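Trainee: One letter stands for each residue in the lines below.
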Amino acid sequence: MKTKMITLCVNGKDHRFEVPVNRTLLQALRDDLKLTETKYGCGTGECGGCTVLMDGKDSVCSCLTLAVEAEGRHITTVGGMTHEGELHPIQIAFIEEGAVQCGYCTPGMIMKTASILANNPNPTEEEIRKGLDGNICRCTGYEKIVQAVRRASVMMDTAQTRKVGGMRA
Amino acid sequence: MSSRVLPQFDLLEPRNVADVIALLSQHENQVSVLAGGTDLLVWAYIEKNKTPYVLSLSAIEGLDHLDYVAGEGLRIGAKVKVAQLLKHPDVAKHYPALYQAAENFATPQIRNMATVMGNVLRASPAGDCSCAILALGAKVVLQGPAGQRLVDIDDFWVSYGVTERQPDELAVELRIDDTSSSTCSAFQRLTRVHEDLSKLNVAVRLEMDQDTCKQARIAMGCVGPTPLRLKKTERLLTGAKISAELLQQVAAAAREEVTPIDDQRSTAEYRRQVSGVILKRVIEQAVAKS
Ligand SMILES: Cc1cc2nc3c(=O)[nH]c(=O)nc-3n(C[C@H](O)[C@H](O)[C@H](O)COP(=O)(O)OP(=O)(O)OC[C@H]3O[C@@H](n4cnc5c(N)ncnc54)[C@H](O)[C@@H]3O)c2cc1C
Ligand code: FES
Ligand code: FES
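Sequences listed follow chains Y and P, in order.
Counting from 1, one number per residue, gives the positions in the first sequence under my numbering.
Counting from 1001, one number per residue, gives the positions in the second sequence under my numbering.
Take these hints with a grain of salt, some might be off.
Unchecked claim - List time: in silico DSSO-like cross-link candidates among lysine-lysine, alpha-carbon distance up to 27 angstroms:
| id | chain 1 | residue 1 | chain 2 | residue 2 |
| --- | --- | --- | --- | --- |
| 1 | Y | Lys-2 | P | Lys-1050 |
| 2 | Y | Lys-4 | P | Lys-1241 |
| 3 | Y | Lys-130 | P | Lys-1050 |
| 4 | Y | Lys-57 | P | Lys-1289 |
| 5 | P | Lys-1214 | Y | Lys-57 |
| 6 | Y | Lys-2 | Y | Lys-13 |
| 7 | P | Lys-1289 | Y | Lys-2 |
| 8 | P | Lys-1289 | Y | Lys-130 |
| 9 | Y | Lys-4 | P | Lys-1087 |
| 10 | P | Lys-1093 | Y | Lys-130 |
| 11 | P | Lys-1241 | P | Lys-1289 |
Think of the hints as simulated: they come from the structure by calculation, not from any bench.
In this text the structure is predicted, and so the values were computed from the model without any measurement.
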């Protein structure tokens, strides 16, 4: 087949539409669904601008995933991080630490952070740095991003005990 | 349009291995198998290796097993991702070289997407899991119309990008040789940053009796058209006691045995120089942990 009707579950919402089978998930998100928060940087899996979360846990590059292959998975973009109008603790941490300059890498960085913390709620600095591999930032020099991830881990730890700030898959 | 558009193809989505074989037989050389897509869907690669059909493995049930059985070894299904190796305690325990290759492999996103099998089937001399697997010893299980056959990893890569796999065969499983308490192994690679492919990688598997090496397998990547066994250098280690002096000789032998080229990631001269140094270090790392 050259095109396929698919149902993509993005940020908890199902979208049914037809795509050419050679369309990447990134193109489907940006061009078909007009969810332009996920960014195109390199198209070859190296910059992390296009990072989304699969099934609430695994970071993947949407530029190297076919849209048809994402059917049946729960995809989270940075647009799905807010909950009832409230920013997610990771987003708040990035703002409070000043971890955003031009902002182009930020959607990918936030999703990568979500994946780091989903797999390891209290990462060490080394684990944070290793986790951030694959997400390039041309502005910040990374220090503030590392601090933001650490702050987010502390905030979410506290939030967890207060049962707020849950992320939707 | 927000990024480069992949060339057009027809997508095949078989649900079981029998249907894969039927489709591969029907379309002969016209099909690319799609596993994680981290090689196949890179625009420049697919543009150069265009086929009218792409056959996705994602609808297939199974092929995602990762099992260690003492006395038999490790079985890695065709759909097992590199990231899964890092979560399996037996991989860390019995196959340090493979664990370390997975640990140093690309980035978290790529490790979540890339399969171990795809690395072997890509037949690149820079494949990190491939290098570790060659040192550890393994069989590739290929399934075709006439059933399954096992190809030794030593014979699997024919030349750059070319393997023993026939167009009507699917690679279904990797079987890594068993290890014992006297086996030690390690992997190291040289890169600029993690996103880059290796400039050079090396893995060893040694069977030790105290300080004496009974048997050695050395695999090195980026120093020839496919990952290479350094068999002459291995002979220096076999039956010898590991000492600083021996490792000097081993390093010198490796420099003689490799056949590197210049490319965008490094030069032949540099690769030849460091091959011996890195080999020496990886042997030290392997025996230190045994
Ligand atoms: C940003 C980036 C960084 C990378 N870094 C590294 C690195 O550090 N180290 C490294 O070794 N590699 C690296 N790679 C290369 C790539 O990720 C690996 O080679 C990976 O293991 C390929 O697996 P895959 O599942 O994505 O394969 P695919 O791209 O799906 O397939 C690769 C090839 O194998 C064939 N194939 C796959 N499965 C089968 C099967 N079961 N039967 C028959 N044929 C099959 C395909 O047809 C194709 O030719 C990197 C790639 C990118 C994009
Ligand atoms: S656009 Fe996907 S990693 Fe750069
Ligand atoms: S803030 Fe500009 S690229 Fe990261």
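Trainee: Now tell me, hint by hint, if it's right for this structure.
Mentor: We went through each hint and held it up to the structure:
1. Y/Lys-2 - P/Lys-1050: Measuring from Cα to Cα gives roughly 15 angstroms; hence the hint holds.
2. Y/Lys-4 - P/Lys-1241: Not satisfied, since the Cα-Cα distance of roughly 62 angstroms exceeds 27 angstroms.
3. Y/Lys-130 - P/Lys-1050: Given that 27 angstroms is the threshold and the Cα spacing comes to 35 angstroms, the pair is violated.
4. Y/Lys-57 - P/Lys-1289: violated (33 angstroms)
5. P/Lys-1214 - Y/Lys-57: violated (44 angstroms)
6. Y/Lys-2 - Y/Lys-13: Given that 27 angstroms is the threshold and the Cα spacing comes to 25 angstroms, the pair holds.
7. P/Lys-1289 - Y/Lys-2: violated (52 angstroms)
8. P/Lys-1289 - Y/Lys-130: holds (23 angstroms)
9. Y/Lys-4 - P/Lys-1087: violated (35 angstroms)
10. P/Lys-1093 - Y/Lys-130: Holds, because 22 angstroms separates the two Cα atoms, which is no more than 27 angstroms.
11. P/Lys-1241 - P/Lys-1289: holds (17 angstroms)
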